[in-house]
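> So the chains spell out like this:
2 protein chains.
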Amino acid sequence: MERRKYLQIPGPTNVPNRILTTLSKPLINHRGPEFEELLTNCVNGLKKVFRTNNDILMFPSSGSGGLESAIVNLFSPGDTIVVACHGLFSERLALIAERYGVNTIKIQKEWGKAIKAEEIEEVLKQDVDKNIKAVCLPQNETTSGISNDIESIGKIMKESGHPALLIVDVVSSLACLPFETDTWGVDVAITASQKGFMLPPGLSMISISERAWKLTEESKLPKWYWDYKAVRKKMEEQQLPYTPPTTLLFGLKESLDILEEEGIENVWNRHALMAQATRNAAKAMGLFLFAEPGYESDTVTAIYMPEGVVFKEFSNILKSKYGVVVGGGLQRLQGKILRIGHMGSIHELDVYAVMGAIEMSLFELGYKVELGTASKAVSETFFKYLI
Amino acid sequence: MERRKYLQIPGPTNVPNRILTTLSKPLINHRGPEFEELLTNCVNGLKKVFRTNNDILMFPSSGSGGLESAIVNLFSPGDTIVVACHGLFSERLALIAERYGVNTIKIQKEWGKAIKAEEIEEVLKQDVDKNIKAVCLPQNETTSGISNDIESIGKIMKESGHPALLIVDVVSSLACLPFETDTWGVDVAITASQKGFMLPPGLSMISISERAWKLTEESKLPKWYWDYKAVRKKMEEQQLPYTPPTTLLFGLKESLDILEEEGIENVWNRHALMAQATRNAAKAMGLFLFAEPGYESDTVTAIYMPEGVVFKEFSNILKSKYGVVVGGGLQRLQGKILRIGHMGSIHELDVYAVMGAIEMSLFELGYKVELGTASKAVSETFFKYLI
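So the sequence lines, in the order shown, correspond to chains Y and E. Residue numbering for the first sequence follows this note's numbering, beginning at 1 and increasing consecutively. Residue numbering for the second sequence follows this note's numbering, beginning at 1 and increasing consecutively.
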């Protein structure tokens, strides 16, 4: 018998039925008026979610493609940028930059630790010649389930008087965590369709400030597909320069409607509450969180595998018996942690069910926990905030 | 009342219901066994359509992204390649190459004329030092509705003894026109999801020969997202290096099943017959084909707008009264031609209906044609070949 599935990896996320049905709509001409209206609606809706008046560009690509686009449009070989490195995805940005001959000053932290505003401040202070062109970091590192405080970092960068741009990877945080592109002074924010927007993968979306546009004028890196100026020019005609992933735009329009109906602040609050319930349940079961206290992500919770429980056996039971798929640890964290995605379409009973399934699976593998512990903690969290 | 829609632009094409329904399937973990099986099935199916034992790579991108990937993986700044230039898409490849500092020897032809094997032979013969790294051209130029004879070109290149690779843009021809990657000696063939595969846009697919892999070892152009070697390595684990457009792979699996059930030779023959019927109907109505005789494309028919009929008025009637969307002329051909896409899911009654709608729309705008002319020509074509 078919049953409800819980895709609780840190993205792609569960796609709501309202969006799923839009994906099977017949295609339209991407050079016609219907598409132009669709694109305009999407861009206007995205500006509300990014909280920006900056330009929004789109690419048929994964989120990693969006990261690459920022490097090749803004910099030249020999330029220097600061890159926070504390997980697979933040380190990927440094890797991309180096491939293109851009020098990176890495703020290397243990995976699981956040990047602090003072660390950025210190690096910029040492750059007396103001050579650093940009500071790049993720709002949310899905590798380890930590979030960086972009508001504080933006504030300190403004106060420093250093001209470096602030480039933020918001792939796994936009439309989930509070984010204020304009107020926080974020020059380039890069996201993708398969996380907070609750869509299949294949579309990256990027906001670009006036200051960032100036840098594109100086960039000497070769580019064609990722060329921001070409995309902006074509988007002024409400089109994209090459064949766009129309189906994802159908879904994006629906996603933006859903977010608008709930209200973006309510979306943020919901994510915070679901994350709190997840963490409380984990702790109540005697599990330990991987992320630095105070910086735990509200979109993904990373938990140490308890001693004696093998991740693969655990995740097999979770999937085969309960239909729940969680993420494991990446690279050096493989087998050491489990990661629960709770972003996008995530609500009370999802957390209740998923944490219950985790409890039962651990119990089955011999982990000592009183049955009902997770659901008690989840319920208590909800009642504390909801009533 | 909702009615049947005819998206007869030269791609994206009409998506069959069997594929549409797969697009709204809930997502799966792209790092789990279900995905691995899906990817393996897709790659095996694609090899049958490409008619190759070469490696097949995939990118979350439009077809143009696939073109860029070939340039940045195979060449270095200062390398020289031959590029056929006889339409927007073939000229785009030259543009991309030049952006990356690759020199291009252009075989420039009037839009609407095909590139002949002897022209390629001549250019290679003049290259006594054998500096030319590759010959690049499209099998099908959708700008003008012409097809190049890749079989002859591949043959002449082999016979010439020149080591240049043969790179073919099969975006608007694969799974429509006969194509034999291995037999014809095609080193790199690039296609995308939204044409013969009858899927939404957002996935590019590329076959790469052993000779081409050797060239990737010498390439000095910077790359990360498009890096063939990184993609091949990850595909050996039945995964893709970054988040793949899973939904399109659901659809691709279904598309490959559909093509397999019909048989690829039957698919080719069907396209040839539908194209023949389209051309016969156009000619019977007194219209003139744009493409060089003998090289008319079997996936898109370009027709001169008859004197006194304005394309925009014509296409408006066609769309609003009959639900048929056709393409117009691009750039310098704007207003001068109309382009009818007949690729992918195209069958007898589609051609019958579409050509009938074109006839009625032209008639309404004062064009002199006896009503029923198109359908008579379409029917006669079918009966000639079918009975």
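Treat the hints loosely; a few may be bogus.
Identical chains share a label here; the pair holds if one copy fits it or two copies do between them.
Said to hold, decoys possible - Straight-line Cα separation of at most 25 Å, BS3-like style, residue types lysine-lysine; simulated pairs:
1) K116 to K48
2) K283 to K368
3) K25 to K253
4) K116 to K376
5) K48 to K384
6) K25 to K130
7) K106 to K125
8) K109 to K130
Hints listed in this document are in silico derivations from the structure and should not be mistaken for laboratory results.
> I'd like to know which numbered hints this structure contradicts. Please list them from smallest to largest.
Result: hints 1, 4, 5 and 6 break, sorted rising.
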